[in-house]
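Respectively, the protein sequence lines represent chains A and B.
Be aware that the first sequence starts at 1, since it is given in full-length UniProt numbering, and climbs by one per residue.
Be aware that the second sequence starts at 1, since it is given in full-length UniProt numbering, and climbs by one per residue.
Everything labelled a hint here was simulated from the structure, so no lab data went into it.
Remember, it's a predicted structure, so these values are computed and weren't measured experimentally.
Among these hints, one or two may not hold up.
[Said to hold, decoys possible] Straight line, CA to CA, 30 Å or less: simulated DSBU-like cross-link-like pairs of lysine-lysine:
| id | chain 1 | residue 1 | chain 2 | residue 2 |
| --- | --- | --- | --- | --- |
| 1 | A | Lys634 | A | Lys581 |
| 2 | A | Lys146 | B | Lys28 |
| 3 | B | Lys28 | A | Lys304 |
| 4 | A | Lys34 | B | Lys178 |
| 5 | A | Lys34 | B | Lys41 |
| 6 | B | Lys208 | A | Lys632 |
| 7 | A | Lys437 | A | Lys202 |
| 8 | A | Lys326 | A | Lys309 |
| 9 | A | Lys34 | B | Lys92 |
| 10 | A | Lys634 | B | Lys129 |
| 11 | B | Lys208 | A | Lys581 |
| 12 | A | Lys146 | B | Lys92 |
| 13 | A | Lys146 | B | Lys155 |
| 14 | B | Lys167 | A | Lys151 |
| 15 | A | Lys151 | B | Lys155 |
| 16 | B | Lys155 | A | Lys34 |
| 17 | B | Lys208 | A | Lys348 |
| 18 | A | Lys146 | B | Lys167 |
| 19 | A | Lys151 | A | Lys202 |
[To be verified] Facing chain B, a subset of chain A residues (Cβ under 7 Å, in silico):
| id | residue |
| --- | --- |
| 20 | Gly37 |
| 21 | Trp39 |
| 22 | Glu171 |
| 23 | Gly175 |
| 24 | His265 |
[Claimed, not checked] Far from chain B by the CB rule (all over 12 Å, computed), these chain A residues:
| id | residue |
| --- | --- |
| 25 | Gln122 |
| 26 | Glu262 |
| 27 | Ala264 |
Backbone N, C-alpha and C define an ideal beta-carbon position, used for all residues, glycine too.
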Amino acid sequence: MQKTQAAHAGLQSIPALLARNASQFGTRTAYREKEFGIWQSWTWAQSAREIRELALGFLVLGLRPGDYVAIIGRNRPMHYWSMVAAQMCGAIPVPLYQDAVADEMAYVLGNCGARFVVCGDQEQVDKVLEVGTRAPAVEQIIYTDKRGMRKYDHSRMNALADVQAEGRAAEQRLGPELDRHIAALDYDATCVMLYTSGTTGKPKGVVLSNRNIIETARNSADFDHLSEREEALAYLPMAWVGDFIFSVGQAYSAAFTVSCPEGAHTMMTDLREIGPTYFFAPPRVFEGQLTSVMIRMEDAGRIKRGLFKHYMAVARRVGPQILEGKPVGILDRLSYALGNILIFGPLKNTLGYSRIRVGYTAGEAIGPEIFDFYRSLGINLKQLYGQTEASVFITQQPDGEVRSDTVGVPSPGVELKIAENGEVFYRSPGTFVEYFKNPDSTASTKDAEGWVATGDAGFFEEATGHLRIIDRAKDVGKMADGRMFAPKYVENKLKFYPNILEAVVFGAGRDFCTAFINIDLTAVGNWAERNNIAYASYQELAGHPQVYATIKDHVQAVNASIAEDPMLSGCQISRFLVLHKELDPDDGEMTRTRKVRRNIIADKYADLIAALYDGSENVFTETEVTYEDGRKGKIRATLHIEDTRLVSPTLHHVKAKGIAA
Amino acid sequence: MIATPATELTGEFTTDGRRTGPVLMDLKNITLRFGGVVAIKDISFDIREGEIRAIIGPNGAGKSSMLNVISGFYVPQEGEIWFEGARRPPMKPYEVARLGLARTFQNIALFDGMSVLDNIMTGRLNRMKAPLWAQAIWWGRAEREEVENREQVEKIIDFLEIQNIRKTPVGRLPYGLKKRVELARALAAEPRILLLDEPMAGMNVEEKEDMCRFILDVNDEFGTTIALIEHDMGVVMDLSDRVVVMDYGRKIGDGTPDEVRANPEVISAYLGVSQE
């Protein structure tokens with residue numbers, strides 16, 4: 001690693017990488033954004049100029065080195081440029097989740113003491129104004145979209161385009177000062193601060209240095225041979241570490257093109273138009289696409305449906321092997337090639353995956369059927385395992401060693417060890433500097449030698465050296481009779497059914513396990529429509545007896561699958577209920593990255609959990625909900641509780657599991 | 001329209017601090033008869049530049065007839081219509097459209113088989129001057145005009161947040177979105193006065209809220225003068241700067257929402273007498 005550092009001497013900050021890209025790849029496209037129905041593009045040279053003007057504009061407004069600049073908005077080149085411009089001034093960018101409500105925003109803005117806030121539009125400005133005195137350090141609000149902003153008090157407010165124009169005019173006056181700030185950036189300077197969504201408690205600001213970001217980006221780009229010819233689509237929240245690594249770290253390191261969709265609703269169309277070669281999506285995106293493909297196939301004509309069925313069977317049989325370059329018989333190859341012309345090719349084109357060279361999924365476990373579906377089409381979808389504190393990469397799957405149940409081998413430069421209790425620890429160049437203003441948390445997460453606790457329990461497969469993750473270490477517990485309880489393991493199995501959107505399993509310290517189920521409105525709604533089942537609301541559909549019957553089948557199938565594993569067989573679901581509302585980040589039930597917050601759910605629905613364990617058949621409940629505009633309301637429902645059949649463990653079917661609970 | 005932000009308007013302020021300009025359209029002693037039926041009886045009111053003017057009234061009060069008089073579809077037997085300080089002679093609807101009036105319809109009147117984009121483009125037909133043959137082969141001036149018009153249409157698509165349905169045939173859209181597309185088409189004509197015939201009819205609460213916001217935004221961003229007919233009293237009182245109240249073809253009230261709300265004749269005719 002020492003050698004690589006020396007080889008890249010001088011490229012020790014994102015602005016330095018930008019300067020290199022502007023001179024070396026000046027005429028290649030750096031950014032694209034669809035605006036007014038047309039893809040607008042900027043080369044690296046143009047982007048460098050735009051960013052410099054922004055940085056000068058920030059200096060005009062009085063931004064100082066060491067200041068924090070919050071950025072709240074959707075993925076737009078202007079917002080990425082603002083982050084790099086802030087870095088140029090020696091300030092630290094702090095991207096925030098744009099769907100955060102004002103209260104969440106107040107905490108983060110107050111915690112980092114941001115002086116400047118860059119807002120995407122009026123909605124974000126309103127939230128920052130609502131925060132008001134709870135973030136007293138905020139001095140300047142800068143907004144990108146001018147719509148609706150005319151009547152605001154502009155004494156502390158500016159349009160980003162105006163700031164940029166002022167910066168352009170100030171080149172003579174402030175240019176040398178800016179150059180001094182850029183030259184002062186080194187490997188240990190803070191590159192970005194990202195707030196972890198926090199499955200428990202308040203979010204923590206993770207401080208990542210230039211070293212963390214640049215080393216990690218370069219190592220991971222080398223791992224997958226990413227070059228300046230890649231095309232990526234930036235559509236995941238800018239506040240999420242993955243987006244920062246992919247759309248800034250790797251994009252600047254490898255100098256590839258980042259395209260920003262027109263808006264969240266047009267993402268699928270834009271994906272198809274761009275046809276990225278390097279793509280990342282959480283499992284739910286792949287699940288959603290597969291569900292919509294299947295729904296549309298149900299409505300297709302008989303011939304199409306027959307062709308689809310036939311060739312998907314061929315693809316499942318030989319697709320993954322062909323993708324990995326393994327030997328496959330000539331007839332199968334021909335059949336697959338024909339399928340590619342008739343079905344796979346057009347399907348991939350519709351999904352926008354025609355050109356994918358490397359695709360990743362992470363964040364949650366992905367269903368094996370879903371994973372195999374995409375791989376059998378010839379899409380090189382792989383898994384990685386990472387977290388904010390590691391600048392994403394901990395493990396990833398190398399080409400040719402891809403499976404749905406592992407998360408791969410340690411990424412380049414990453415060391416791994418497994419503790420006594422099964423918890424995974426890592427040490428890497430990407431290991432975060434510290435939690436902002438939180439030495440206690442830093443000390444409890446990262447030890448003196450730099451080993452970081454992931455909080456996940458896992459084990460290495462002896463044959464392959466791949467890491468397998470079972471569950472959150474703190475969630476892995478014991479049931480009343482001492483059997484192992486791993487809720488996430490069960491929840492993931494449940495969620496692999498398209499009808500089930502979310503599941504929350506309870507059972508720690510209890511005699512048996514129970515579950516809350518959230519139905520997937522798209523899948524179940526479509527099923528209801530095809531079966532002429534009328535429903536007026538989510539609540540009514542969720543409580544429908546036939547829906548309960550379907551979910552019961554799924555739960556029992558999962559029970560059977562869990563029973564195959566003697567160690568975890570105690571986790572079978574004895575009783576379940578279908579929730580009357582979707583778990584929602586606005587209600588605090590999930591994180592913004594859509595991970596369930598177990599404790600909050602357990603508190604909020606204590607009455608329902610009690611009912612699951614006291615044997616009652618129905619339970620009346622009243623739940624507070626938060627609407628998108630922040631107002632609160634109540635919904636009432638009587639929920640049915642269903643008992644399920646348990647399967648006794650099949651002892652002859654023992655599978656080795658390398659974890660001791 | 002886009003080049004005329006509301007700040008450039010002159011004139012007085014409304015009660016809530018918005019600007020309204022001089023009188024844009026003045027309707028004087030309008031009477032409209034269909035045979036023996038008198039639909040509108042001697043009504044006068046004006047529309048000022050930059051304001052949102054509502055016409056309300058119970059069923060059959062003559063609201064839609066009034067809108068049709070303004071849009072030139074009906075020619076009143078008596079009375080005068082003054083537009084921008086000049087008396088408007090009886091005109092064909094397309095001539096009125098060229099003067100700068102655009103409207104939406106109570107029953108959506110879009111081309112179902114055409115895409116959203118094409119539907120909105122039809123709103124700019126008045127601005128296409130290239131001859132038919134040039135448009136057919138998309139050559140020279142026709143090409144230039146199409147590019148310019150498309151740009152304006154895209155700005156409206158962006159404004160009304162319908163980018164994701166740009167290429168979707170209108171027939172496949174839900175009702176609320178169709179209404180929005182109709183508004184987009186009317187806006188594409190860059191009207192001096194935008195006439196909305198029951199823009200919220202048949203909508204659910206969420207769609208109504210969206211539509212309200214768009215109407216206010218159109219008025220605020222583009223400074224477009226808006227005249228609307230609406231049943232939903234809550235909507236009218238929140239949106240409008242001034243309200244005309246009609247009942248059986250007569251005008252029974254005219255003024256700010258507060259004034260109208262306090263008018264005893266309006267209360268008895270339209271809002272009903274309170275049952276305390």
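Are the Cα positions of Lys167/B and Lys151/A separated by 30 Å at most?
Cα-Cα ~34 Å, so violated.
Check: Holds or violated: Glu171/A as interface residue toward chain B, Cβ cutoff 7 Å?
Finding: With a minimum Cβ separation of about 30 Å from chain B (threshold 7 Å), the hint on Glu171/A is violated.
Check: At a threshold of 7 Å, is the proposed contact between Gly175/A and chain B supported by beta-carbon distances?
Finding: For Gly175/A, the interface hint is violated, since the closest Cβ of chain B sits about 34 Å away, which is over 7 Å.
Note to self: Does Gln122/A clear chain B by more than 12 Å, comparing its Cβ with all Cβ atoms of that chain?
What the structure shows: The claim is violated: Gln122/A sits with its nearest Cβ about 10 Å from chain B, within 12 Å.
| task | Would you mind confirming whether the straight-line C-alpha gap from Lys34/A to Lys178/B stays at or under 30 Å? | result | Distance of about 24 Å is within 30 Å: holds.
Mind checking the alpha carbons of Lys208/B and Lys581/A for me, to see if they're no more than 30 Å apart?
Holds, at roughly 24 Å.
task: Could you let me know if the closest chain B CB is still more than 12 Å away from the CB of Glu262/A?
output: Check fails; 5 Å does not lie beyond 12 Å.
Agreement of Lys208/B and Lys632/A with the hint, judged by alpha carbon distance not exceeding 30 Å: At roughly 20 Å apart (the allowed maximum being 30 Å), Lys632/A and Lys208/B satisfy the hint.
request  = Could you grab the alpha-carbon distance between Lys34/A and Lys41/B and see if it respects the 30 Å cut-off?
outcome  = Answer violated: Lys34/A to Lys41/B is near 53 Å, above 30 Å.
query: For the pair supplied as a hint, Lys146/A and Lys92/B, is the alpha-carbon distance within the 30 Å limit?
result: 39 Å, violated
* Proposed interface contact between His265/A and chain B, which counts if any beta carbon pair is under 7 Å -> The hint holds - His265/A has a Cβ within 7 Å of chain B, the shortest such distance being about 4 Å.
Can the restraint linking Lys326/A and Lys309/A be considered satisfied, given a maximum Cα separation of 30 Å?
Since the Cα atoms of Lys326/A and Lys309/A sit roughly 24 Å apart, the hinted pair holds (cutoff 30 Å).
The structure is inconsistent with the numbered hints 2, 3, 5, 9, 10, 12, 14, 17, 19, 21, 22, 23, 25, 26, 27, although it conforms to all the rest.
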